[in-house]
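Once you've looked at the hints, dock chain R against the given chain S.
The residues making up each chain are set out below.
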Amino acid sequence: MFTNYFKTAFRSLWKNRLFSGINIIGLTIGISCCLLIGLYIKHELSYDDFQEKGSRTVRVIMEYSFGENVTKGNFTSTKVAPAFKKNFPEVESAIRLYDARNVVKYNDRLFNENGFVYADSNFFNMFTFPLLSGDPRTALQGPDKIVLTRSSAKKYFGDENPIGKTLAVGSNARPFVVTGITADCPSNSQIKYNMLASFSSLGPAQEETYWNANYTTYLLLKNEASIASLQSKIPAFMKKEMGETSKTYILFHLEPMKSIHLYSPYSGFEPNSSITYIWIIIAAALLMLAIACFTYINLGTASSMERAREVGIRKVLGAAKNQLFYQYIGESFLLCAISLVLSILVLLITLPYFNQLADKQLSIISLLEPVPLALTLFVLGSVSFLAGSYPALVLAGFNPVKVLKGSFKNTRSGLFTRKSLIVFQFVISVFLIVCTFVIQNQLHYIQHSKLGYNREHTLIVPMDQKILDNIDAIKTGFKTNPGVLNISRAMNPPTKIVGGYNMRNATMPEDVQINVKANPVDEEFIKTTGLQLIAGTDFSRQDILDLGKEVQEENIYHYVINETAARQLGLTPQQAVGQKMFLGNHRPGLIKGVVKDFNFESLHTPIGGLVLFPEPRGATMLIKLSGQNMQQTIASLENKWKELIPHRPFDYSFLDEVYNKMYSSEIRLGKVMSLFSGIAILLACMGLFGLSAYAAQQRVKEIGIRKVLGASVINIIATLSKEFVILSGIAALIAFPAGWWIMHKWLEDFSYRTTISAWTFILAGALAVIITIITVSLRAVKAALANPVKSLRTE
Amino acid sequence: MINITNLEKVYRTDEVETIALNKLSIEIKKGEFVAVMGPSGCGKSTLLNILGLLDDPDAGSFVFNGTEIAKYNERQRAELRKHNIGFVFQSFNLIDELTVFENVELPLIYTGVKASERKQKVDEVLEKVQIMHRRNHYPQQLSGGQQQRVAVARAVVNNPKLILADEPTGNLDSSNGNEVMELLTNLNEQGTTIIMVTHSEHDARYSHRIIRMLDGQTVTENILI
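Here the protein sequences line up with chains S and R, keeping their order.
For the first sequence, position 682 (counting from the first letter as 1) is numbered 682 according to the UniProt record's numbering, and the numbering increases by one without interruption.
For the second sequence, position 63 (counting from the first letter as 1) is numbered 63 according to the UniProt record's numbering, and the numbering increases by one without interruption.
Don't read these hints as lab results, they were simulated from the structure.
One thing to keep in mind: the hints can contain errors.
Some, not all, of what chain R presents toward chain S, calculated at C-beta under 8 Å [said to hold, decoys possible]:
(1) N49
(2) D55
(3) A78
(4) N93
(5) E97
(6) F101
(7) T111
Backbone N, C-alpha and C fix where the C-beta goes; we use that ideal spot for every residue, glycine too.
Only chain R is shown next, with the shape it has when bound in the complex:
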């Protein structure tokens, strides 16, 4: 599904050059659940941003579903992203001004789904993450775990082929964290590819494979299954 080769990304300020990704090559197959680990500044987040089509690489190849997309412009990336990729963030990133239902509805709006169909899909996914009873609440009225369940619901409502999770349990206590991990595992079992950045060995154990990074390169790959 994803094949990156010799990917490079360099951040420059006026005088300092920071190499975030250094000729990185990774392959991820359809249906895999991969955890990316490594110390702060090793390039995990940069990798996730490039995989999520939020950022573009400086060099190297990025093949997504058989198409080379490293040179896509912002509009093309946005188009590809909204149909194929869902995101889960550490800090949930729900929009405070929208209700649970409206937050989850948002990706469907941007992909142009009709209102009646949207309602059905959103209700379905809210049911699935067991937050249906809170559909008309605002994010601030929910607990952290509930907020992250909403975020997961939002990430999957569009049936994306890939879910990118950036420390999804980082702001949660362990029981809420486990709930979220169970949710991701279920999604993976239903066929969704998941790439998750985490600091938690515990969470990493939910995945099939752990990629460990240091200084913009992969160091080891542990296959857990």
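The shape of chain S in the complex, shown without the other chains:
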């Protein structure tokens, strides 16, 4: 019996190649989306699973306040690890990590290394990063030792054995001996490093204080259940440690390591994901699959007329209703199985690109593990059943007498179901179109909005103390190039100023402070970035020289603040100039100028108070170019760099690129939404095509009569399209409010945003209607051109 079913199924799929093809493409798209997203989710859920002691490991989160504002984050000071290990019996061991950047050199190979992580010597005891060579107990014991990942080792040493060799680290080329090699960090690890240096190499930074919180602390508990009891002891302990002083306090919170990636608001060594995001993409995958199923249902029932005679014959020959039902379910299973095989092929082709795009190491092999395999088969089974059962029921329910007599005409009752499915598909499509439009609008807004500074033709180069010590000579050197307009050194570039400070004016009491961001800059910063002074004057060379005194309090600072900071101090820009103010309690000074507000943080954040001050510190060099002969200018700058700063590579980026990178998640969302709406539209069109073909088939006699009575081709197409245009109109009306609401919520996350204009909806609706007309016309034209004599005779 099954061979017969299979044969019929296969031959009928072949006979209806067009519909089968559409179905297979649709289901392949749906299943591919599901598999890809499934692999991705599996990867996200597996974060840190490979850590053998992961369930007993917790990360320490610091919370502190000097009064009003409470700050919380994934940073701790050096003292937490030793203090907790010493005072709490629950703690088996504790580790400190410091994620740094460093220039690293071996012979002529010089790179600026991200993921240069300082770690306590018990690193390999706590974490499951197996050493390929070297001794895990001693590899990080004592200063100036370094462990490399396999890729880093290859990068510097090629085929040489790196063990025992020396790398020169930092601007002063401090020698570090290579003591071990580990495999590269798995992509599902929230701890990521390229190089591990012994923590003791940090020297004075090891001074044990609760402040200077620049380190990440992990604790290994003896028992995973003791996390709550340990947590409850921390407040009293910290009170004792800090002494009973004023409003200042520090607290620590413990986070289970395995929950960090999806549940913590504080990122690890890479940005976190979130469980909400996981749910959203699960929903997206299911939606894609649902749309593909609906297409199948629509095409299946549409083509059921062609199968009706077969059903009649089988029934006459003794087939029971359930036998027929299972036969057609089997057919949909066959179709799904073919689509599954194709999906796996699609996955094999697309996975490398996806891995590159998402920076993951997803492998199709993991589909063969028990749970994913079971899930895949479950998806196959449920799609076969869900998509197949409605057409199968329709088919199995045919009355053989009517079917075989030819008096058979499918009732219009099932039409409502099919129309609802089409409307649903179009609701999703229009919804996604609206979302895509709004997201693209916002991205356009982000990329083209005036931020208050000029981000064009500006290079950002990271710098270190050695460069800083020599900055004047270096600047002079670079400025000999005619393509260079200005050079400034600053702590942060204007795209993202992160330094948190307090300020107060002279009349405010010392313990009342206003939180602001501040950035140490030089006298060319405002010129280089194109900030607009609205009161007072720019920094001068003298302002920097004024800060020469050893004791901070004896210096007189000059400040340039933004409008918001002036307002926070209770002053207009004009009033502010010449006023006394303090940055922290140790920097007395005068306000020299006020700049117009500019976005020095992401557009998600409203502009806050900002203070620029000319302290001779910095980590960033900004080079403003004229924009003429950029490539030539950059090449000659690189040569000059090699001459002046041989200890570092010329590692530059463009300010506008750095700015765009801040919105990479939005840009990615935009791409994903465009892709999803494209797929949704395609699948909806397939379903629509099926339904319109079905309708044309149903109305073939009516069309014949209309033609005999003188209807033109256009008239007929209009008659056939009208119904579907109305359906897509209904879909649009349902989708608009949903799209508006979701996008309104999404935009609320931006302090600076585009507005959702009526045009978005007009365009999305028009797009839906046009797509509908084109799709329906594909079949309507054929029906309209058919010879009416033929259609009337067959009836």
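Okay, now just chain R, sitting in the frame of chain S:
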């Protein structure tokens, strides 16, 4: 074999009621070859559908092989049908996606005959209707007469006690038509009961008895033998 008494069947649409069978009573004995004739709409096809257990009567009695089956549900009717009744249609009604062999094999599949036995039975019956050389062809590749021979083969492969033929020669030219009628006559001679609906006086003459119908009732019965 078949005994129907006061059989009624009414078709209703929203406003119109059409009486297809009006207190019809007929008896058909085992081994008979009966032709049913009458103008379009007289109820012949309805009768054939009820006799073939494809449709149920609204009232009256239908005794098949001594069992009252007028009140059987669809499942029971299907069960009875597949073991006892074979059909031959005017438009052949072969499944396009299946070969000649597979089409004929179908009734055996639904009655659960084993594959090896199926092959033997199908080959036997294809031999009998002289279409063996076309066993791996598809219906569209055959002439009308050949298709109807396949349909007859399919109708008899299960050794049914009753064959219902609905205008079996309606789509055939006269020589092909005659071949099919010869085939049915042979089957009848081997003991199969045949009821045939036809418009053709010529074909009707192959039967033992002609039942003429009008407006859902029998008008006359001519016994030809």
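Hints and how they fare:
| no. | hint | in the structure |
| --- | --- | --- |
| 1 | N49 | holds (5 Å) |
| 2 | D55 | holds (5 Å) |
| 3 | A78 | holds (5 Å) |
| 4 | N93 | holds (5 Å) |
| 5 | E97 | holds (4 Å) |
| 6 | F101 | violated (11 Å) |
| 7 | T111 | holds (6 Å) |
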